[in-house]
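Participant: Based on these hints, arrange chain C on the given structure of chain E.
Protein chains: 2
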Amino acid sequence: MSDAVSPLASPFPALPAIAGVTPHVARAGYKDWGRCDLTYVELAEGTAVAGVFTRNVCCSSEVEIGREAVKQGRARALVVNAGNSNAFTGYRGREAVEQIMEQVADHLDCTMDEVFVSSTGVIGVPLPKDKARAGVEAALVAAPCSWEEAARTIGTTDTFPKGALATAVVDGRTITLAAIIKGSGMIAPDMATMLGYIFTDCAIAPGYLQELLSAANRKTFSCITVDSDTSTSDTVLAFATGKAGNQPINCSGCPGADAFAAALDDVCRQMAHLVVKDGEGAQKFIQIAVSGAVDDESARKVGMAIANSPLVKTAIAGEDANWGRVVMAVGKAGEPADRDRLSIGFGGTWAAKDGQPLADYDEAPVAAHLKGREVSIEVDLGLGEGRAKVWTCDLTHGYISINADYRS
Amino acid sequence: MSDAVSPLASPFPALPAIAGVTPHVARAGYKDWGRCDLTYVELAEGTAVAGVFTRNVCCSSEVEIGREAVKQGRARALVVNAGNSNAFTGYRGREAVEQIMEQVADHLDCTMDEVFVSSTGVIGVPLPKDKARAGVEAALVAAPCSWEEAARTIGTTDTFPKGALATAVVDGRTITLAAIIKGSGMIAPDMATMLGYIFTDCAIAPGYLQELLSAANRKTFSCITVDSDTSTSDTVLAFATGKAGNQPINCSGCPGADAFAAALDDVCRQMAHLVVKDGEGAQKFIQIAVSGAVDDESARKVGMAIANSPLVKTAIAGEDANWGRVVMAVGKAGEPADRDRLSIGFGGTWAAKDGQPLADYDEAPVAAHLKGREVSIEVDLGLGEGRAKVWTCDLTHGYISINADYRS
Chain E
1210 MSDAVSPLAS PFPALPAIAG VTPHVARAGY KDWGRCDLTY VELAEGTAVA GVFTRNVCCS
1270 SEVEIGREAV KQGRARALVV NAGNSNAFTG YRGREAVEQI MEQVADHLDC TMDEVFVSST
1330 GVIGVPLPKD KARAGVEAAL VAAPCSWEEA ARTIGTTDTF PKGALATAVV DGRTITLAAI
1390 IKGSGMIAPD MATMLGYIFT DCAIAPGYLQ ELLSAANRKT FSCITVDSDT STSDTVLAFA
1450 TGKAGNQPIN CSGCPGADAF AAALDDVCRQ MAHLVVKDGE GAQKFIQIAV SGAVDDESAR
1510 KVGMAIANSP LVKTAIAGED ANWGRVVMAV GKAGEPADRD RLSIGFGGTW AAKDGQPLAD
1570 YDEAPVAAHL KGREVSIEVD LGLGEGRAKV WTCDLTHGYI SINADYRS
Chain C
1210 MSDAVSPLAS PFPALPAIAG VTPHVARAGY KDWGRCDLTY VELAEGTAVA GVFTRNVCCS
1270 SEVEIGREAV KQGRARALVV NAGNSNAFTG YRGREAVEQI MEQVADHLDC TMDEVFVSST
1330 GVIGVPLPKD KARAGVEAAL VAAPCSWEEA ARTIGTTDTF PKGALATAVV DGRTITLAAI
1390 IKGSGMIAPD MATMLGYIFT DCAIAPGYLQ ELLSAANRKT FSCITVDSDT STSDTVLAFA
1450 TGKAGNQPIN CSGCPGADAF AAALDDVCRQ MAHLVVKDGE GAQKFIQIAV SGAVDDESAR
1510 KVGMAIANSP LVKTAIAGED ANWGRVVMAV GKAGEPADRD RLSIGFGGTW AAKDGQPLAD
1570 YDEAPVAAHL KGREVSIEVD LGLGEGRAKV WTCDLTHGYI SINADYRS
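Residue numbers (my numbering), protein chains in the order written: chain E, 1210 to 1617; chain C, 1210 to 1617.
If we strip away everything but chain E, and leave its shape as in the complex, we get (with noise of 0.2 Å):
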């Protein structure tokens, strides 16, 4: 964790114990610091889990092993590295990952592919096996732990603990979802994720449980960026336990299957608009409201150019209506779109309409609401009915401050 919060920080929410799992913190000494940095969580047994991972070809073993055994759906532990992503580290790296796996699954007298492992940090430094090994030694004896100390001991440059709820009723029963999410930097998940974890109580099928996280990942995780850099190590994985003692949901005309969908949307969207909260160097979050494109995923693409271009989250960051450098990401985005039919403004005012500034513009309400700390772009292409959302943070010294200084 950094010394400066982020001034986006949300206070940590009051996630309640889910049952049939424990997490535990322990301190490896992956890095020269103070404090824990290894997160082991407990699963019961028969917990469904269900994953989505990086795209980025050069991802870390951790990732690869881990979208392989997600395939067999069932979970009894998470082991956590921070300080290390073991990425780009050959045989070596995934060695590593293999002793942590042998390692708990021993303890827990379940198969390897039981024990899902995540490492987070420094990329090209092989994981050291003996400090991995005393670490989760400490954490398989440690006292449980709350799930405030378990977000803060996922995070690296995280200036803030992230942790998001949600409940729905299944079966007349409520159930619970806990997450811990951490990132600030190398964020543009495109399909994929950062490191986050969600569990619940519900019981569902892994293999149902799986189609909801895709689709909302497809919608959250997958909307977000803060500097357009994909990692090596995005993982989100659900971990359902079942001890709810819910009817088991497998397929979407089960009773509260809705409810659980909308459940898990919600706190996925909670956990993306967390992490861009604590985007590197953030001070403003931005929602861009992408209409009229013709259809969802391009009109998904258009908001995610406006919201990776540098020149964009400058302006924001400086305050500037520059609606001009909005015309310019929607032309590049490679999407149709066609510059007498656009139309942009900034938190409900129209600044442009069709391809024209407007002549009555009015850039009062607009500087005003540039001066908060949550700023709304809105972008019509006025051709088809396809939307969405997407949201960043603007680009500030801070950026650069955290990033020519980092590692070395």
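There may be inaccurate statements among the hints.
Just so you know, same-sequence chains aren't split out, so a pair can sit in one copy or run between any two.
To be verified - Here are the simulated SDA-like pairs of lysine to any residue, each with C-alpha atoms no more than 20 Å apart in a straight line: (1) Lys1510 <-> Arg1264; (2) Lys1510 <-> Gly1543; (3) Lys1280 <-> Ser1355; (4) Lys1452 <-> Ala1213; (5) Lys1510 <-> Gly1591; (6) Lys1580 <-> Leu1224; (7) Lys1338 <-> Ala1568; (8) Lys1240 <-> Ala1228; (9) Lys1580 <-> Ile1611.
Derived by calculation from the structure, the hints in this document are not laboratory data.
Remember, it's a predicted structure, so these values are computed and weren't measured experimentally.
Facilitator: Same frame as chain E, but now just chain C:
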């Protein structure tokens, strides 16, 4: 022109006069600044023209009109307005361009489509017709100016005037290419360019000139990026007056065709590098050489993914040999790559080979290399014979300062 000159600036070269080309500058007063902002270049009858333009869908009227006009292959004049890009200004913007074309065509007794107009500056404000008319009127009667004055006059956020020179022997005669270019931010031409003008006394058929310019563009302007943002006004035009008196070149087998093509490539490469060296906030010029890709275009795309990565660019700004960020950028490029065959070096020293950090990697020579103004990154994908070089600059506090303040 900005006050603080880029540390990467080159002195303006001694560009000779080109027979048949006469530059003039005047004050249109597009902005409230005490400098010339309208450039008028008169071209001898029979001058051939070729051009490449932005692919941004929201392009300016200047680009739309120029793209059509270049097809007829002849030019008599060039007018460049600085301080107002006239983009996203609807019919009013188009009328201003047509007024300039008509005014100059009347003066020269030529057709309107032989008058090429470009504008650069803020987006969304229609070019004021009265200022344009008075500016053109002044320019038509102004004394001829130097190339350096013209190069200064087309600039906006540029910190130094940019010129390039090349010669070739064609048909026993030495022909000359003189070029001026402007550009500093919103630079990611990708198949197009910024505002650049090449003047030569060579006799060459317009169609063949276009072919050579497009080929040069692919290797030069399409291989640079400052900030991944593609302008709405990018234009490069080449004018050939034919005054050298050589046998006109009209095909690749013609005497002197190869020499002329090499000189054109050379001048385009010089121009492209100058724009990067004046990249907003640039402190270092970065060359990225990619080899071992499945083909050259794939190598170029991998190179551009690295060149556009904010995390790579800030690492270079911090003189940090953070090759893990290069791995990340290779992996997100969307091109064929194999993590376990990937090698990465800086300034000729390999840091990682075949997917792993080198055991005997000595960071000392790399650290020394990164302290310089010119940095090279080498990436070998280990897959095939495809190779490309691309160029960018580092991402610094200067970029943020420039772009969080500009306009409004």
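Participant: Confirm or reject each hint.
Facilitator: Checked hints:
{"no.": "1", "hint": "Lys1510 <-> Arg1264", "in the structure": "both (17 Å within a copy, 17 Å between copies)"}
{"no.": "2", "hint": "Lys1510 <-> Gly1543", "in the structure": "both (8 Å within a copy, 15 Å between copies)"}
{"no.": "3", "hint": "Lys1280 <-> Ser1355", "in the structure": "neither (29 Å within a copy, 70 Å between copies)"}
{"no.": "4", "hint": "Lys1452 <-> Ala1213", "in the structure": "neither (39 Å within a copy, 66 Å between copies)"}
{"no.": "5", "hint": "Lys1510 <-> Gly1591", "in the structure": "within (16 Å within a copy, 32 Å between copies)"}
{"no.": "6", "hint": "Lys1580 <-> Leu1224", "in the structure": "neither (32 Å within a copy, 48 Å between copies)"}
{"no.": "7", "hint": "Lys1338 <-> Ala1568", "in the structure": "between (66 Å within a copy, 17 Å between copies)"}
{"no.": "8", "hint": "Lys1240 <-> Ala1228", "in the structure": "neither (33 Å within a copy, 67 Å between copies)"}
{"no.": "9", "hint": "Lys1580 <-> Ile1611", "in the structure": "between (24 Å within a copy, 19 Å between copies)"}
In this structure, the hints that do not hold are numbers 3, 4, 6 and 8, in rising order.
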